[in-house]
Amino acid sequence: MKARILLIEDDPDALLAIEILLSHLGYKVETARNGREGLKMFRANAPDLVLTDIIMPEAEGIETIIAMRRLQPNAKIVAMSGGGPMNRVSLLDMTLKLGASDTLAKPFDGEQLADAVRTVLKQPAVSPTASGWREV
Amino acid sequence: MNAISKVPGFLDPVTILETTTDCVIFIDRDWRFRYLNSKAASELSERGDLLGANLWEAFPELAGTDFGTAYRRAMADGVPTRAEAFFAPLNSWFVANAYPSPDGLTVFFRDTTHVKLHEAALGASEERFRMLFETLTQGVLFVNRDGVITDANPAAAELLGVSLEAMRGHVYHSPSWQIIDDAGQVLPTAEYLTTVALRTGLVERGRIMSIFNRKLGEHRWLRGDAIPQFSPGDPNPTGVCILFSDITEHRRAETELSASQAHLARAQRVAAVGSAEVDFRTDRWKWSDETYRMYGLDEATTTPSFELLLSLVHEDDRERIRSVIEHTRRGIEQKPMEYRIVRADGQVRVLHREAELIRDSAGAVTGVIATKRDVTELRAAEREKAELHAQLLHSQRLEALGTLAGGIAHDLNNTLVPVTLLSGLLLKGDVPEGRMHECLELIQKSAARGRDLIKRILTFARRSEPEQGWVDVTALVGGVMPLLRSTLPSTIAIRERLGAVPSIMADEGQLNQVIMNLVKNAADAIGDRVGVIVIEVAAEGNAMSEGAGGAVRLSVIDNGCGMGKEARRRAFEPFFTTKAVNEGTGLGLSVVHGIITSHGGSISVDSRPGKGTRLDIRLPVRVPAPSLNEEEEEIP
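Just so you know, the protein sequences line up as chains A and B, in that order.
According to this note's numbering, the first sequence is numbered sequentially starting from 1.
According to this note's numbering, the second sequence is numbered sequentially starting from 1.
Don't read these hints as lab results, they were simulated from the structure.
Heads up, a few of these hints could be off.
[Stated by the list, open to error] Here are some chain A residues pointing at chain B (derived, C-beta under 10 Å):
hint, residue
1, E9
2, A17
3, I18
4, L21
5, S23
6, T31
7, N34
8, P107
9, E111
Only a predicted model underlies this, so the values are computations on that prediction, with no experimental measurement involved.
For every residue, glycine included, the Cβ atom is placed at its ideal position computed from N, Cα and C.
Make the full structure from the sequences, and use the hints.
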């Protein structure tokens, strides 16, 4: 059975590209344009994995992760960010501590995305520990 | 007579009669001329030979005159008579003495016309002198050697504040005058003008003194001359004539003038403003104390002139000054200017000059008055400030670029996601079914976004000169509308209200960016809500007639969240943003502002929280200047 992935991304182009790739890898992808929408879908559909951008309008990505983790302590969440005024590395690091299962620094290539998704999906459904992040 | 004729040496009486200056005639008792001396003969020669002629026949006009009466009375009464009268037939005055004798009448007469004229002239002169004396505004006193005032005119009485009666016949040296000298000291009577003139016998002129005027109850300043008077043969003055006038008002004006000159000099010194005045008619130059100080010259040893000024002016500014002065001479008003002078010690000073023409009542230019202000320190401070400002701007830009790099990185990284993901797929030939075209499009679009981002950074970082060309803003907006629609979420409608406008000189690429930025801002302000953005283009002022002052207005209006006072105030500040971290760089409106200002345009914002935002951009319409080529083409 295909794993179901909830993709939350405010950048429409990035969203479309990631969706194309994940679909091509055989996952069933649902998309949301912001954290609030994403959280609603998470509550309704309980996806196998959440791939979310951290910095988005409305609800911030980090808040979304915290809320999901509270709703579903075993949720598998991969956080992505292109960074900003704050160092991209430390931002993702912080996200890990707050409950992301893994992180992806933008821009990533197909292999990196596939690896991250596959690895996290394989993890046992327990509360995550800081499993490190990937730096490109 | 007989007795005298016998005195030895005594002249023969006839000789005397012949040599006397009087006319002498002898008339017998029948009134016939029996003798005329030669003087009488010549005086009466008009009437022919009178010897033997009857007086009354020869001179019928005599009857009834004083002379005729006197002669008849003398003859009848035997007493000498005298007559003096104007005798019209001879048009002269005569005096006649008639001496009767038993044989007739001896008459001595002479022409006194010249004496009469002299007397009349003397009388007239005396009268003229009196009139002058009485009406003169100068006071006149005559004082005799005993110090008694023998005469005084009404002006003297008025100037001294006493009556004529109080002066005439009284001594002049009364302490009640309270005379004070020019230095403000009470003058002892020994030093009085009259006393000194009487003592020395010398003319004394221009003595300044103050005398207490009892009528006015105040001291008045007088200037007086003393002219001693002499009698022939007497070495000592017989008296003195004192002439004086009131100079109180003159002195007050003089004091005020010198005070106001001192005040002006002080004010010029304090304000470091000098002045110069040139009279073109005489080519006379006048510099104020402060001007001398600015030029580093000594007033006592300097004669200001055009040549001197030119020699002081820095050689690079000399021609400019020369031209300014030449134009001013021709009556052409000159704008304020600055020039440098080089002082004798080599110090260079920057002077700011402003001038005003002086005209006579007919409006002809007769001179110029100029002020000069030493702005050396001011200009130096301004230059330093400008340098500091430039440095600050530079460092701010560097800092901004650092921040910008962080902000842009987020967008750029997002933009690169489709490129890295999809190009990998395409390279492997591992293309999702039916999505090849979509993938390529997405890669291309992302590449374009990346290019746009870089452009945006460069616009800010380089502030490069815009590439100007004629742009029709309405056409520009029309062309960009489809792109705008595609980038906006379906919840946001975009409408256009485009009027006809004249083309303006502008950088099309930059204007595109302005529109994109404004629309993006408007969309962000609407957010996830349902909203509308209106783009308006309209001609303003007399833009359509291509006259000066016209403008093309570009407005972007949204019904989004609006801005508060603080946000409105800081809207165009670089990096000011109300958006979430990484939502925007805070550069959008700042870049817009930069572009519009570089086009000579203006931008204004009208917004209130919850009421949406309206941004108005106005770009000036300039009449295209004919290019050199076009002009050349017109020459056959």
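Evaluation of the provided hints:
1. This hint holds: A/E9 has a C-beta 8 Å from the nearest C-beta of chain B, less than the 10 Å allowed.
2. For A/A17, the interface hint holds, since its Cβ comes within 10 Å of a Cβ in chain B; the closest pair sits about 3 Å apart.
3. About 7 Å separates the beta-carbon of A/I18 from the nearest beta-carbon of chain B, less than 10 Å, and the hint is met.
4. A hinted interface residue such as A/L21 counts as satisfied when its beta carbon comes closer than 10 Å to some beta carbon of chain B; here the least separation is about 5 Å, so the hint holds.
5. At a threshold of 10 Å, the smallest CB-CB gap from A/S23 to chain B is about 7 Å, leaving the interface hint in force.
6. A hinted interface residue such as A/T31 counts as satisfied when its beta carbon comes closer than 10 Å to some beta carbon of chain B; here the least separation is about 14 Å, so the hint is violated.
7. Taking 10 Å as the C-beta contact cut-off toward chain B, the hint placing A/N34 at the interface holds, the least distance being around 7 Å.
8. This hint holds: A/P107 has a C-beta 4 Å from the nearest C-beta of chain B, less than the 10 Å allowed.
9. Given hint, A/E111 at the interface with chain B, holds; its Cβ is 7 Å from that chain's nearest Cβ, closer than 10 Å.
Checked against the numbered hints above, the structure breaks only hint 6 and satisfies the rest.
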